[in-house]
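Chains L and S supply the protein sequences, listed in that same order. For my numbering, add 5 to where a residue sits in the first sequence, where the first one is 1. For my numbering, add 3 to where a residue sits in the second sequence, where the first one is 1.
Read the hints as simulated data drawn from the structure, not as lab findings. Take these hints with a grain of salt, some might be off.
[Unchecked claim] In silico lysine-lysine, DSBU-like type, Cα no more than 35 angstroms apart, as pairs: (1) S:Lys-37 with L:Lys-165; (2) L:Lys-166 with S:Lys-37; (3) S:Lys-29 with L:Lys-165.
[Claimed, not checked] Just some of the chain S residues that point at chain L, by a computed CB distance under 10 angstroms: (4) Val-45; (5) Asn-265; (6) Tyr-323.
From the three backbone atoms N, C-alpha and C, an ideal C-beta is built for every residue, glycine too.
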Amino acid sequence: MEITISRTTSVFSQETCESLLNLTLEEVKKNYEVENPQRKFFGVIPTSFSASEAPSPEFGLVIDGRTLNVIFQGGLEEKFLALAKHCRSVLCCRSTPLQKSMVVKLVRRQLKVMTLSIGDGANDVSMIQAADVGIGISGQEGMQAVMASDFAISRFKHLKKLLLVHGHWCYARLAKMVIYFFYKNVTYVNLLFWYQFFCGFSGSTMIDYWQMIFFNLFFTSMPPLLFGVLDRDVSAETLLGLPELYKHGQNSEIYKLSTFIITMLDAFYQSLICFFVPYWTYKDSDIDVFSFGNPINTISLLTILLHQALEMKTWTLFHVVTMICSVVFYLIFSLLYNATCVVCNPPANPYWTMEKQLSDPTFYLLCLITPVIALLPRFFIFALQGTVGAPLTLKAQQLDKLPKGQQDLEIQKLRSRNQTTVASPASNDDLEQNISHLCVSPFLHPTAASVSHGDTESQGLSASEVNPLRKRTPEEGYYFFNRWAEEESTATDFSAGTFSGHYPLVPSSVTTGQDSGKLTKDNANNFNHGSHRRSVSAVTL
Amino acid sequence: MKNKTSFLPQEGDARPSRCPDNSAFKQQKLPAWKPQFTIATVLSSFFFTGAFCLSVGVCLILSANNVREIQIDYSDKCSDCSKLRENSSNWNKECHCSVNFSLKEEILGDVFMYYGLQNFYQNHRRYVISRSDSQLLGRNVNIQKSYCVPFTTYRNGTPMAPCGAIANSMFNDTIDLFYNLKSSVIQVPLLKSGNSWWTDKNVKFHNPKSYNLSSAFAGTARPPYWQKPVYLLDEEDERNNGYVNDDFIIWMRVSAFATFRNLYRRVRRIRQFADGLPAGNYTFHISYNFPVTKFKGRKHVILSTVVWSGGSNPFLGIAYVVSGTAATLTGFVITAIHLKLRKKKTYFQK
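Looking at chain S on its own, in the form it has when it is part of the complex (with noise of 0.2 angstroms):
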């Protein structure tokens, strides 16, 4: 039945047929390229796979195993420290605390400092919320009607900059590294600009426009667990003051997991560090601020280089392996069945 002929051939020619087209789209004779598992595809998409997956999960693996990582849990050795910071009203008392470690091998190349934080929930789905990005651009805006309640302003009516609970809670640790060359203790260089991205710092993040920083943000207040106001962050760079400041662009771009960590410092390559860390003792000068107890958290210090895969994390290597693994025992799996069944098969033999 290739095509309805018209029913009235008797009609005369006047009446235009009524049938549908004889096109291949409509009569559904579209021309089509239909795929046949045969048995040389399966086995070749197999094994090919395999192979592919196994030696990029080598390359992986080996990479990973390059990356050089120590992870320091100051939580408990400041234990001191700690329990003050349970007490609010100690807020503005200071307190330190030293980490001590050793390396026995130095480390070269571009070393990351970083801190990390455990079970804190960054990513609740009020806390994720609670901002506002207009503020954050420089605007002038009502963040009465924002989602940062209830952060937003004080009793007396001074707005907070910035709003929002994300701010409110960041990271105001600070850490210092020192390294022990022979006798004396030298500070290890550390950059605190350039470690958030590009875009954040000049795109989403502005000051106000003012003449002056502290004016820009005049008539409106620190965040209640800030110590210092958003334009004190860092008053030795211009440029890493106010909203655009780092640790705050940092901070802000809220984390995945409740386990994680981002990136405070990266260690500066001139004088002795011009190659890496070099092996030998080293302390961390912790401000500890940020209080952790009250969630049962911890924090860390970890120190870290960087490959093109990532980090030390060798999951994606170990991923590849398995998988290259399984497709080619799967190839030889269907090897066996079909040279076992390739007797019994009668049907279709081209």
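Just chain L, same shape as in the assembly (with noise of 0.2 angstroms):
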């Protein structure tokens, strides 16, 4: 690809950059509608990708902390906001902190999309702040920015692991915890709801006031919040190597409307079971109100830990050792407390209903078929889901189970059959390379980047200097990023429209091992020329 910097200089008022803006503007969209990918427009590098779908030719935007003044000055974001929608990424070289934190913001507002921002000097604060996700880099430039931000990394790098492994477990722990407490009180509270229709709707509940505190507080909580926790649903690698897992977690696909009302209707179906199973076996028979509570409330804590047995994917000791202390703790308490209690209570005063009911065989034999009839229909659709229709992180878990060969060549194939345009999996340091939707589709917006106007000197930016699209080495797989440098000093001094002459734009790649600030080796020499500090900003989208 080639690309060609429109040098434009004179003063830029806002007339013009309105007209440029509409411009480019419709040169894009032709372009788009045409699917020209070897056009050059002024600063445009013409391969778009528009923001809903695949393949298209694909542009990116590079603009300066100038014109973005003129822009926001002007009340052209609009204009702004449609261009960079039909680019792939957005190069801002040289804005002040206000402005990165403007354009966050403007991003945000317009667009309603989730923002993240990475950054690690103190004029990144702001847009760290402006975002959804603020993410700090702790180093070289200070612990501001760490301050400021949500999530603190060490490394630019780590922001691939964050986002693909911890973004994922987090998401997928956090949806599945949420929908998990409200199916458990849904089910447990319908309970006693059901018993009021036998009961004369008089309030009367038939387990002990204290079992039913406790129920919440000690014998089913420890398990959900331990899956919360440590739960792995796909292994790191498979996330590292799959990122189309991401767009799993963009599309909520775990905590959907459907997916709640599933839940509930399931809730309701349980506390169904749990109590008329019960209800129908005592029926017309000489038992009590609370050693009819006592098997009930027993079986719903059977299929409550057994609902969630069936959801945990990752069963380390923890997991194991949680589950049978919860049973075990809600037997020794039942019992305990119902050794005990003869007066304590009123007006249940439970004692020794546990003990009569465990030398009861009906309530062994209630015990076992309940949780059987409550959860036989999760368990059918379990099963049915590996078979029939699975979706992409049920087939990324079954490939965790392979050895190593084989889970990158059914990663191959995964990904073959799920792009549009293939991408080439061994990536090398040539730029002339297709761009591979796999490295963008966690990225559905252009990442903000900046137009440059008319910097004079030329370091003759080659294409190997100056994509802002992608750069990929062997050691960050597939992943895709955009960073520049920017220098401290100009950023006061961007509206006086002197260049210190030192290249702005200068999108460079990472290569492992190396911190903030590093450029291609082309670039290396230009671009220490007089920087004193450095820092290294991003938007993302």
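From these two lone chains plus the hints, build me the complex, please.
Pasting the structure below:
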């Protein structure tokens, strides 16, 4: 890909900017329709990628702080945003901290998307705070960015694992845990509701008060919490190897309205089973209120814990111990409480209720059959998922089980099936490769970049230097990011229109071991001239 | 990224590393078992569950069918008594009623006699809390502060023993069973103690301590609906009198549903009834005291044997059979789906 940056000189006014934006936007739209990948126009790299779907020519936008100033002051944000939407990535160089945060806020407000900011210097703090997720890099530039951020990492390259692995895990854990808590409480409280039909709607509870309170507090609290902390539904290696799995979280595939409704229906069904099977068993007999509530309590505990066990994808020692201990603790507590409370808790005073139940075969028969009936539909659906229409995460989980060599093979097969453009999996430093959608698919919107105007000295921006779109290294695999270096000293000078002559527009690739501010080897010497402090900031969307 | 190395290599080794530990817990690399729903495990679990549930269900249904039960509704048959009891001023008038039935086959084994009530909500919240367990422990408590209100004291200040609505509404019909042997009528011997939980009789219920029972309850009065005071509940057996009377204890154990039965008596296996109840004609003689017409309730008397799995209710057996069938059918469905789709499945063939 050849890139030519147009050079315009002279004072840049709002009308000029507006007309330039309009012109560029028209051209981009035309190109987008025509799908002509090799046209060049002004500073726009004519391979555009529309925000909606797949393969079309991709554009990149480079803009500098001075222009941004004109845009914001002249009220041209909408046009700027419209242009940016057509671009694969946008590079904003030489922008002030305020401009950085204004760009983030603009994108967030208008496009209503999740924004992520990553930066390492004090000038990135406002941008970090403006975005939905702010990531600070701790290191040479000090700790201000870290203190203002939601997440702090020590190297830029850790962003990949943060998003693909920890982000995925965090979403999966939280979504499943929240759904589980809703389900658990709906199931348990509905038991009390169904009893109202048989006690004249007087508010009588058939479960002893203390056992009811401790149900949520002790007996069913640890497994879901442990699940929410430790569960790993897909292994880290697979997540790094298959970035498509990131879409799973972006599309809220675990916690949609349909999932919630299904969970609520399942909760109602399970509470119906947990109540009515004991009810019909004990109907017309001489059972008393609290001896009726005891097996219901036990059954619902077993059902709820087994439900959690079905959801858990990773069984560490902690999980096993917690599950067993929850049941054992319940039994021990019930037995002790029922052996000591003669008058301690009116009106129940469940003295010897549990012991009596444990000596009755009907209790054991109930405890065996009711969880089975209650969980049969859910188990059936889980079993079918592996056979019919497995979602990508399920395939990825199956992938984990394969030996390593076969894993890579399967990843490639999956990729080639799922993509519309072929990605060459082996990365190299040749910038003239096709852009793989794989790498960009987690990021649906162009990264904010900057449009440079009229920078005079030409360092001879060659394609190898100024590819704002992609650079891959073998170690980094398939991920895509955009970095540039910005000079601190130019931040305040932009309005004066003087450039120090040092090139702001240098997207650099990051190879392992390099910290922020590293550049491609072509530009290294050019860039280092006169830069006192370099901060690296990126706004990715 | 196995280990976040320190960022400042040139600073010398004196500075301690601020990286998190490289332990399995903190790096989230704990050894774990990842369960997979393979076709083998799924199918085997379904079929095993199905087989197990079916076999247990069949056993349960067969044992429930072995239970012999006779249930007789006597609130209709004793209509004149029930009309008498509608007026509460007739409380001290006795009313007797007879109900006949016949057994075609003898009932072998232990026979239990229950009284059954229908539409009597012992599980109503305010009813359930209306008791004082401290008083029933024989302690001297101030029942004014208990949940027994309003069944605590009379207007002249005499406390009720026992207090509360549960005790007040105790079932006070007397049922006797007679067997017509040729031309004579024999009363079937019944056991009236040993019917309640051992822990109830010995731990939860105690009579107040005194040299004799009537002085123990001195200064108290019977609840308003009772016909005799609590220390006269069973004058023949001292250990079945007062608060520890079995009928009283059983009644205080409030039942879970509006249609319930309580154990009343057990057939004593002596003389002609050593094996159970022989075939023939029987008569219940009932002293009708408990009014049920006001709340459209019904009363029954039930004779039943018991088995290890409970009573004559076959529901648990049916539930096992149904779920066993469902599990087996689901197993077949999954097998069919798997066989059909196996050719189409192209990925992850091991």
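Going through the hints against the structure:
Taking the CA atoms of Lys-37 (chain S) and Lys-165 (chain L), the gap is about 25 angstroms. The hint holds against a cut of 35 angstroms. Among the hinted pairs, Lys-166 (chain L) with Lys-37 (chain S) is consistent with the structure: their alpha-carbon atoms are about 22 angstroms apart, no more than 35 angstroms. Distance restraint check for Lys-29 (chain S) and Lys-165 (chain L): the Cα-Cα separation of roughly 19 angstroms lies within the 35 angstroms cut-off, and the hinted pair is therefore satisfied. A least Cβ separation of about 4 angstroms between Val-45 (chain S) and chain L falls short of the 10 angstroms threshold, and the interface hint therefore holds.
Satisfaction of the interface hint for Asn-265 (chain S) is found here, the shortest Cβ-Cβ separation to chain L being roughly 5 angstroms, below the 10 angstroms cut-off. This hint holds: Tyr-323 (chain S) has a C-beta 6 angstroms from the nearest C-beta of chain L, less than the 10 angstroms allowed.
Hint check: no violations occur; every hint is consistent with the structure.
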